[in-house]
Amino acid sequence: MNVVTVGGVGATVRVRFGGSRAEELDAEFRRIWSRCLLSEEAGAADVRADLFEPGQIRPSHSDEARITDSEAAPLLQRLTQAITAKLVARQVGKLLLLHAGAVSNPTTGASLVFVAPGGTGKTTLTCLLGTRYGYLTDESVGITADGRILPYPKPLSIRDGSARHKRETSPDELGLLPAPPDPWVRQIVLLRRSRLASGRASELSLINAIASITPESSSLSKLDKGLHRLAGLIDATSPVQRWTYSEAEQMVTTARSLLEDA
Amino acid sequence: MLQRNEPADALFFETEALLLYETQLVRLAPIGMAIFNCTAHPIHAADLTTALIAEFGEPEDGSAAKATSEAVASLVGLGVLREVTGEGPRD
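Chains as they are written, first to last, in the numbering used here: chain A, 24 to 285; chain B, 63 to 153.
Chain B with its partners taken away, still in its complex shape:
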């Protein structure tokens, strides 16, 4: 399960966003913004992948699950997302 860490403040632009955390500013591209928007509450990685496919379509090369996993890993590293335990709703 994945859930976002709430920033101290955030600004959303047409295709990008700025998230202000305690020690850093994170700039999100469209996929990062979509992941941020989907993770207000805990969500399974598979459900997140489904949501991203619905918004952006299947990636031209490689799998959607792999692309999602890489984006999630990057956002976890930046402190935007965290892994949480517990059962969340499955669609």
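Same shape as in the complex, but just chain A:
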């Protein structure tokens, strides 16, 4: 079976499928990764994913280069994590890399970058805003020295009701708009979920913004003058905002004003 190349944050990863259900896995992967697919060719892979019949293998296995399972959903979820880790690793020292979601004005390319640790609402906000603004990513934002964003429109991990595993879901299936050609950072936002919050945006001082964003960056210390690069980006855009909310819908109006006033 050929190797499939996917791209995101300006880098590529090559994936090969195997196991008795390789064709099923290959077809599902192509469907949910449609926005990141680049090519198909023979050659070596960076990651191998093997899907077998239930009971055909011992407990699921994964390491950096090989993922094996008898269930498609958890395998695809771990495959997304492995691909993301490899893409990000390839851009360490080159790009400003943030754990963030991002959407973009389809006309101007002005983009909202919302920074938060995993499990704190990036995907939910992305899904909400991405039906009106271009979907750039829900997990890893790569930013060039001149403030351009290199999109990574990966599948989104969505929990279906009471399903045991989250399901990797195509952005097409969710109705998310495509990324515009040249997205750029209009505004960085830090997300804070609070059960009783009514939805509030506040500005952070530069030092508080950098201190809050740095833990949500990838290998900033490997980027030449990484703190200066982050400070320069904030200086060139506008003060970082912290959004404190309980439901993502509370922040839609604020997001619109930022994305449409640019």
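Wrong hints could be hidden among the right ones.
Unchecked claim - With a straight-line Cα cutoff of 16 Å, these simulated EDC-like cross-link-like pairs (lysine to aspartate or glutamate) come out: (1) K109(A) <-> D69(A); (2) K245(A) <-> D109(B); (3) K248(A) <-> D169(A); (4) K128(B) <-> D109(B); (5) K248(A) <-> E68(B); (6) K117(A) <-> D69(A); (7) K189(A) <-> E94(A); (8) K248(A) <-> E84(B); (9) K117(A) <-> D247(A); (10) K245(A) <-> E84(B).
Unchecked claim - Covered by chain B, according to a simulated footprint, are these stretches of chain A (three or more residues, beta-carbon under 8 Å): (11) 228-236; (12) 244-250.
No lab work stands behind these hints: they were computed from the structure.
Backbone N, C-alpha and C define an ideal beta-carbon position, used for all residues, glycine too.
Since the structure of chain A is already known, use the hints to place chain B on it.
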């Protein structure tokens, strides 16, 4: 003798600083900033105390040496400072 570990990058603000090390970001208050500035080269703890007294005065309660020692211990724990051997210049 004490000497600072050089961060990958640093930003200095009016009264605070951010130091970026390989695995963590350290935020320094004014005394931490002063210690960082005094330890580009190895310095004896006593000389560091003298420098801090010159900049901030004697602490209102407790001794300057004790306050310096506590601040140094904190910065060593954060990886900002290290103890080095050898004879440095004494003022």
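Violating hint indices (sorted, rising): Violated hints (numbers, rising): 2, 6; every other hint is consistent with the structure.
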